[in-house]
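Whenever a hint applies, use it, and build me the whole structure from the sequences.
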Amino acid sequence: MPGMFIDVKVSEAVAGDAELSAKLVEVCPVSIFAQVENEPLQIVEENLDECTLCDLCIEAMPKGAVEVRKLYE
Amino acid sequence: MRFYEYESKELFERHGLPLGKRGLAHTREEAREHAEQIGGPVVLKSQVLSGGRMKAGAVKFADTPDEAAQLFDEILPIVVNGQTAKSILVEEKSPIAQEYYVAITWDGRRKLPVLIFSDMGGIDIEEVAEKHPDHVSQTHISTILPFTPRLAKEAIGATGVTGSALNRLTPIVTTLVEIFLAYDLTLAEINPLVRLEDGRFLVLDGHIDLEAEARDKHSALVEELGIGADETRQARPPTPFETAGAKVDASDHRGVAGNVVEFDGDLGLVIGAGGGSLTLFDAVRKHGGRPANYCEIGGNPSVKKACELTKLVLSKPEVAKIAVMMNVVSNTRVDIVARGVIKGVVESGRDPAETITIFRIPGSWEEEGFKILERYGVEYCDRSVSMYEAAGRAVAKMQAES
Ligand code: SF4
Chain B
19 MPGMFIDVKV SEAVAGDAEL SAKLVEVCPV SIFAQVENEP LQIVEENLDE CTLCDLCIEA
79 MPKGAVEVRK LYE
Chain U
9 MRFYEYESKE LFERHGLPLG KRGLAHTREE AREHAEQIGG PVVLKSQVLS GGRMKAGAVK
69 FADTPDEAAQ LFDEILPIVV NGQTAKSILV EEKSPIAQEY YVAITWDGRR KLPVLIFSDM
129 GGIDIEEVAE KHPDHVSQTH ISTILPFTPR LAKEAIGATG VTGSALNRLT PIVTTLVEIF
189 LAYDLTLAEI NPLVRLEDGR FLVLDGHIDL EAEARDKHSA LVEELGIGAD ETRQARPPTP
249 FETAGAKVDA SDHRGVAGNV VEFDGDLGLV IGAGGGSLTL FDAVRKHGGR PANYCEIGGN
309 PSVKKACELT KLVLSKPEVA KIAVMMNVVS NTRVDIVARG VIKGVVESGR DPAETITIFR
369 IPGSWEEEGF KILERYGVEY CDRSVSMYEA AGRAVAKMQA ES
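Residue numbers (our numbering), protein chains in the order written: chain B, 19 to 91; chain U, 9 to 410.
Heads up, none of these hints are tricks.
Example chain B residues on the side facing chain U (calculated, C-beta under 10 Å, incomplete):
1. M22
2. E64
3. N65
4. D67
5. L71
6. E91
Pair ranges (Cβ atoms, derived):
7. U:V336 x B:L74: 26 to 32 Å
8. U:S338 x B:N56: 44 to 50 Å
9. B:L74 x U:T156: 53 to 59 Å
Honestly, the hints are just simulated from the structure, not real lab data.
All residues carry an ideal CB built from backbone N, CA and C; glycine is no exception.
Structure (structure tokens):
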């Protein structure tokens, strides 16, 4: 189930890059990103609403590669 | 967390308090054996976590081992304030010359432990305090400075006890205070503490309550006394609703969303923060509201935890609406709680605007929280509205619809 309040989008380039994906998994405090070997980065939908809006994912990636959207605005 | 009498006595004995010969019986045969070993008249006492045993007929005297076995069968099934015993304490019956009362508990107003002593034990201490105030002393105890026998002596002496009784009682009272402080107890009580006709002093009945939050700290003692990890030792067994609340809280280490107590009202409460739960619960009642539950929410619970707690509160068929209220919080994200509560309402198949009477959580990220509440049409307020006033608004909405 997608988030009710938050949506997170990651560019295909980042999602396909194992190193950048690993960084996203590392920085997110509420496990919104998950990595499975030889597969593109996954968004853990059930954790989306836990997003703390900390922007750590945005800051860790090239500009515009990650978008965190508040669905209530 | 309450201890059975036999457990309390084991702790007392470890610390050198004087106790009579006794044994715990789970069967009539064990009752007979203990009576034989004691070798004289005995008293049989039902082991329940409640007072009123004597009145319920769950304390009886036997002169022979056969009689003890027979009384075991009579006492065991007796229900005392909703509780049935699993064991019976068989103890030597002692000829009493004088009864005393001694207890240490917390004085919430003074925020200090208080030692209560009376030379009129064996009966209800409140009644003694009312009818014979000169026979009851109250002495506040420092939790920083050591408790000395001199302080115990003063407390005992204040009720008129003198001479050898004063000297014999002083180490007993001092030890009980030391036990209270060492084990983070909320109550250590001996009633009665007796002087026997032969001059000996004995702890005849007593019990202790351990601060629930200190259970882990004293896990060694809890284990040694054979208390299982699943034994909550509350005054009554938790309802399925309360057990479900504990599960919600245990589901995630982040923050608190639990400590649920079930009531029979129609207004569900999601409340908390630094004593806020009690204040808000009382405020709802003061305004004539009927809470369906008590609970505690605080720290930084996850959205899922707040959501699950809300769903639980709304799961009671009689709950028409909920009030979401907290004290001013600096360590709880308002937007995170707002997300959780609204999600819980929606997942319960209800409309947040209709279901949430008031949302009053002033704290960090409140502007973000307010955006969410506005989006779902939920009435909210900030810290300019007191907790009391917010509770009044919630109750008024309930009353307007009934
Ligand atoms: S903003 Fe923070 S919490 Fe949200 S997805 Fe990014 S790293 Fe995770």
